[in-house]
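Protein chains in written order, with the numbering used here: chain A, 4 to 324; chain B, 498 to 737; chain C, 13 to 305.
Derived from the structure by calculation, the hints contain no laboratory data.
Misleading hints may appear alongside valid ones.
Unchecked claim - For lysine-lysine, the following DSBU-like pairs were computed, each having C-alpha atoms within a straight-line distance of at most 30 Å: (1) A:LYS11 to B:LYS610; (2) A:LYS12 to A:LYS309; (3) B:LYS654 to B:LYS610; (4) B:LYS610 to A:LYS12; (5) A:LYS309 to A:LYS11.
Treat the numbers as computed from the prediction; the structure is a model and nothing was measured.
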Amino acid sequence: MNVRNSPKKVYLLHAAVIAGLFALNFILPEYHHGVLARVMVLAVFAMGYNILFGYSGLLSLGHAMFFSAGLYGAGLTVSHLGWGMAAGFAAGIVSGALLALVIGVLALRTTGVAFMIVTMMFAQVFYLLTLYFAEWTRGDEGFVLAQQARRIDLGDLHFNLTDPATRYMAALLLFSVVLLATLAIVRSAHGRVLVAIRENEERTRMLGYDTFANKLAAVVVSGVICAAAGAAYALLFGYIGSTFATVQYSILPLLWVLLGGAATTLGPIVGTLFMFYVVDITSGYTSAYLLIVGVALILLVLYFPKGILGTVRERWIRWLP
Amino acid sequence: MTPLLTTRDLRKNYGGLRAVDGVDFAIMPGEIRAVIGPNGAGKTTFVSLICGRVPPTSGQIVLDGNDITDLPAHDRVRRGIAYTFQITSVFSALSAYDNVALPVQRTLTGRSKGRLHAGVMSALERTGLADRADTTAGALSYGHQRLLEVAMGLALKPRLLILDEPTQGLSDGEIESFMQLAREIARDATVLLIEHNMQVVMELADRITVMNAGKILAEGTPEQIRANAEVQRAYLGTEA
Amino acid sequence: MSFGPHLLLATLEGLVTSAVLALTALGLSLVFGVMRVVNVAHGEFFMLGAVLAWWIASLATGHPAIGFLLALVVSPLIVGAIALVAERLVLRRLDYNPEATIVATIGMLYIIQQLALTFYGPEARPVEAPFSYRILFPWFGYSGYKLSVIAFSAILLLATWFVLTRTRIGLVMRATQYDRETAQAFGIPVGRVYAGVFAMGAMLAAIAAVLIVPIQQAHYLMGLDPLLLSFIVVIIGGLGSLRGTVVAAVLIGLSDGIISVFFSPTLAKIIATMIVAMVLVFRPQGLFGTAAR
């Protein structure tokens with residue numbers, strides 16, 4: 004926890020990661036270029052999850068609903084109401100924020116195991132709703148955004164989100180913004196309060212903090228970031244389906260964050276990238292690639308609870324935020 | 498002079514047990530008040546009612562003429578009631594600096610890293626922990642953790658600082674420096690302490706409240722309490 | 013068919029659902045009650061029971077009753093053994109930390125489910141009922157097997173209740189549930205009690221699954237619905253309360269059939285899940301339970 008004394012190193016490290024990802028745009032072969040764009044968006048999802056799970060100590064099993072709120076918020080407004088990309092993205096984020104506010108107010112009345120189950124149940128309701136309103140969502144099958152809808156025109160500048168390089172840069176932009184925002188939150192007074200709540204809620208309350216309000220803020224921030232990831236996913240990859248609202252997509256961010264290192268700013272991208280390739284490689288051999296997910300979860304909680312960067316921080320680089 | 502805090506007919510029942518049974522209590526600004534009594538007398542429950550960790554069954558708590566009975570704990574802290582835990586409860590995974598930064602940053606309006614730093618270091622210096630700012634709280638010795646706990650209480654700039662058995666488990670030397678600290682705190686805050694160590698109580702307290710079975714048995718200066726036959730029977734006698 | 017007989021049919025169908033659900037949920041409830049562990053893999057133990065039942069029945073020759081009865085005995089034993097190993101290898105090492113065990117049982121869920129996919133395949137396969145006798149009501153004929161499922165479940169529930177309240181095993185389990193440390197101090201082998209309870213919970217789910225495969229086919233994804241329904245039952249009935257669990261199972265089983273007559277199944281699920289979430293938020297001790305601990 005010596006972040007306080009090494010702010011320069013911290014900023015340099017994060018800048019280097021972003022610069023490195025920028026450089027990879029020009030180097031990577033086509034396939035891996037596409038993978039990385041997707042991984043960056045999913046890592047944003049994981050970073051949103053990390054705010055709540057890693058820093059505030061609240062284990063949600065329902066974050067698929069926030070990702071999907073962004074996904075559908077953007078996808079439905081663009082495809083059915085003919086909104087532009089920017090408006091669609093905003094709609095996704097607003098949907099996520101509102102949903103997170105309502106869910107937060109309700110679910111935060113519970114703690115521990117009950118919190119996990121309640122969030123899972125609400126996410127299940129959300130998933131069933133996407134099936135129920137199949138007329139608009141087309142349920143399991145999902146729908147695809149038209150190519151010509153996925154353009155942004157800013158005066159004379161035209162961006163086509165179906166172009167791989169543009170898509171990669173858009174993903175990188177979102178990733179960088181969220182990464183730096185996470186860093187700012189972690190280093191802020193509010194971030195310190197969240198960690199304090201994670202460590203000892205009662206003590207934090209007796210220091211004069213309204214812990215409910217702070218946790219609610221964390222749920223909303225987390226929900227907004229996850230919704231931003233969902234909205235970006237819809238607009239960049241053009242497919243919206245209820246698969247993204249299933250329990251599996253609530254478990255995945257947990258896995259990514261655990262693997263990369265909970266309560267580390269860079270853990271989510273490390274975990275997401277690692278897991279994506281593990282699944283990618285194994286699904287070449289077997290259709291039961293989820294087996295790897297299961298094995299990874301158990302091995303992580305048993306032998307590696309701090310994850311990759313959590314262990315690195317503990318052993319070697321103490322200043323890692 | 499009007500009291501800083503008063504309670505009227507304060508009660509707390511746990512099932513059939515009357516942990517606090519109709520306590521009328523008043524504490525004056527600037528005083529050091531000790532609450533003593535045998536184990537199970539209701540001391541901790543009583544101060545928990547004052548700081549809002551536990552809701553009362555009935556009765557009233559008034560701070561500065563305002564009824565605070567129904568305020569949540571965190572609001573009471575904001576109004577100047579600070580509580581340090583009986584069992585050391587620092588944030589053991591955070592550095593001593595961060596532990597103190599939490600209460601300091603809450604009392605600051607606006608954002609200023611400089612003022613935060615100054616506030617944290619001053620609280621650490623007053624408790625003699627400045628050179629351990631970057632040590633993880635869990636790695637501090639027990640005595641230092643108790644001091645850190647006091648530093649956190651101090652950093653809230655409280656008007657009423659409640660210390661629940663602050664000297665428990667401390668060495669004689671540590672107790673000595675704690676008493677010095679407590680006197681210093683009392684210059685700009687009112688101190689309410691629960692204490693078992695009679696030497697500390699007698700030397701430190703301006704007035705003493707004796708509790709037994711949820712009720713106030715006696716109240717007075719250390720001399721009066723020492724001379725009180727009833728107290729000796731109920732409490733001091735059992736010590737001997 | 014007029015309303016009366018229609019209601020009778022719906023009630024019978026509901027009771028079959030209730031019976032199987034009560035057994036499954038009881039397993040989940042026991043594990044939570046005694047060990048304070050939320051077993052997300054519970055539905056997969058159910059699925060495993062069904063898949064193994066198909067495998068065992070397919071090995072047996074002769075009268076279908078032979079295969080079925082063999083499955084009813086062997087399948088729960090295998091599932092119990094697997095649960096026992098999982099408990100020893102994983103849950104015990106996590107010292108039953110609630111959050112870590114949830115993550116670990118999610119892992120088990122995927123492992124069991126995907127292994128079933130690998131070795132059993134994606135097909136749905138039936139097991140033949142041990143007998144095909146139909147009971148003839150004045151208005152319709154009804155499967156005698158389904159009625160026997162209700163009866164058999166009721167007997168098993170009573171037996172479980174007897175074990176829990178009237179025997180030494182039950183006493184040891186309740187003592188462990190009440191206070192782990194004290195039980196340990198009194199010489200109760202808490203570790204072995206936990207292992208036994210976890211295996212027993214899984215076996216109850218497996219028995220329920222064997223009973224259901226002649227009615228509903230075995231499939232590697234069939235564990236999800238029983239898991240969610242069991243959660244619902246356990247939450248409504250009050251976490252860790254046996255009587256509440258049975259009452260809630262009957263309630264949910266009966267209403268499941270009746271609600272789906274009036275609403276689409278999806279909407280019925282939405283409403284049910286929403287109600288349960290709200291119960292957990294506003295009345296965490298369940299509708300029938302008293303204040304927890």
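Worksheet item: Which earlier hints turn out false for this structure, listed by number in ascending order?
Response: none
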